[in-house]
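Hey, can you work out the whole structure from these sequences and the hints?
The listed protein sequences correspond, in order, to chains R and P. For the record, in the first sequence the residue sitting at position 173 is 172 according to numbering that gives the first Met the number 0, with numbers rising by one throughout. For the record, in the second sequence the residue sitting at position 68 is 67 according to numbering that gives the first Met the number 0, with numbers rising by one throughout.
Read the hints as simulated data drawn from the structure, not as lab findings. No experiment lies behind these values; they were computed from the predicted model shown. Accuracy of the hints is not assured; some may be wrong.
Pair ranges (Cβ atoms, derived) [unchecked claim]:
1. Gln32/P x Glu29/R: 31 to 37 Å
2. Asn305/R x Ala50/P: 17 to 23 Å
3. Glu29/R x Gln31/P: 35 to 41 Å
4. Thr29/P x Lys207/R: 42 to 48 Å
5. Gln32/P x Lys73/R: 51 to 57 Å
6. Leu205/R x Gln32/P: 33 to 39 Å
7. Gln32/P x Glu132/R: 35 to 41 Å
8. Pro52/P x Asn2/R: 29 to 35 Å
9. Glu118/R x Thr29/P: 19 to 25 Å
10. Lys330/R x Thr29/P: 55 to 61 Å
11. Gln31/P x Glu69/R: 45 to 51 Å
12. Pro52/P x Glu204/R: 20 to 26 Å
Backbone N, C-alpha and C define an ideal beta-carbon position, used for all residues, glycine too.
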Amino acid sequence: MENLGTQLLKYLPQATFDRSAESALANARENLPYIKHTVAELDPKKTGQNTDLAMVMASGPSLHRKNPAELVVKHGLGGPLVVAESAMGYCLRNGLVPDYVVTVDPDHDRIVRWFGDPELEQKEEDEYFLRQELDPAMQKNGLSWNRTLIDLVNEHGPKIKAIICTSASSSVRTRCIDSGMELYWWNPMFDDYELPNSLSRQIYELTKAPCMVTGGNVGTSAFVFTAAILKAKNVVLTGMDLGYPPDHPITETQYYPELLDMFDDRVAEAFIPIYNPHLHETWYADPTYYWFREGFLELASMTSCNLYNCSEGGTLFGPRVNFMKLEPFLKKARRGLP
Amino acid sequence: MPEYLKGNYSVDSKSQPKNKKKDEDKTDSTPQQEFERRALAKLGGSIAFIAKPSLVWNGDDDGEPGDTAS
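Below, the structure written as structure tokens:
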């Protein structure tokens, strides 16, 4: 018998479409005057960039537990670093400047926090950031870290390309522009562009930016960008957990309030345990992260890149994924990858 | 949600959400429909996700900016 969490999976694609489409399209219309470049210009055949190896960094719990930045600084990478916006602050405070930062979520108030929010001190505290340990620096001293992050992003912004979805809010767009980033736009693949009344087709016609499959979240979008636009031959993942560690309290997970509201005293049954045979640990996912995991693995099977998961944590393993530690991978990469 | 925003999205679900008011849902719906209504209202990711054979679509131009589907 399915547990409560797996019973929810079939509703998640529609739920995500319903909650994001209206604001995403509204934001795309607002972003229209700012769309000067698209990700199509970043094809390595046009830029000459070497993409034999690229790293995709997301901001799962393993990012702060394993600290991959230290090893990347020590050994070097020799290829582009593509980060979810939520991992950018971690990189900058650890001496790593990403080549690309990917952003997709249409939210106006929360996502800009990852870029340093100039208006944060005029806003009320957001329980979303207080309840979860998304970034220890942010949680321990939110306002002080925000000021530091503003300075870091302003200092390094001119070296970073923003891979910004047309669904992004004006607050994120303005922050990227003000910090000196170059903006390269793309559309989310909302639905099947081959069928009538396609919203993907409508938004393409509006913006003329390529539509990219998202996986429902920024980390997977960063992977798709790296595999499909940068055409990286070897992709190494860090901080890409798509789940929570065994010792992580369910009360500090992203969708806990919503699941509690749905299931009350049975809320624990909504979480899905996943045994990771490489770690010999049982991590867990809420239904949304489980859906992300399944989606990522499906998309990975469609790419031709060699995929290495060096997160050293999480739920993302499978036939297409070489699950290994980061340091031996980086040493191997220095000797040469396929 | 406005009609034009529905796109052509459909999921592998036996029933689609009805355009009824919340109170009507609570009184008329079966437990399964109520479960579905609450799931649709509360959960979901950052942005829509549909898996297509091609990871990138650049209008009806073939091949650019390219995808790695193989």
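Going down the list of hints, with the structure as the test:
| no. | hint | verdict |
| --- | --- | --- |
| 1 | Gln32/P x Glu29/R: 31 to 37 Å | holds (36 Å) |
| 2 | Asn305/R x Ala50/P: 17 to 23 Å | holds (21 Å) |
| 3 | Glu29/R x Gln31/P: 35 to 41 Å | holds (39 Å) |
| 4 | Thr29/P x Lys207/R: 42 to 48 Å | holds (46 Å) |
| 5 | Gln32/P x Lys73/R: 51 to 57 Å | holds (56 Å) |
| 6 | Leu205/R x Gln32/P: 33 to 39 Å | holds (35 Å) |
| 7 | Gln32/P x Glu132/R: 35 to 41 Å | holds (36 Å) |
| 8 | Pro52/P x Asn2/R: 29 to 35 Å | holds (31 Å) |
| 9 | Glu118/R x Thr29/P: 19 to 25 Å | violated (46 Å) |
| 10 | Lys330/R x Thr29/P: 55 to 61 Å | holds (58 Å) |
| 11 | Gln31/P x Glu69/R: 45 to 51 Å | holds (50 Å) |
| 12 | Pro52/P x Glu204/R: 20 to 26 Å | holds (21 Å) |
Hint 9 from the list above is the single one not met by this structure.
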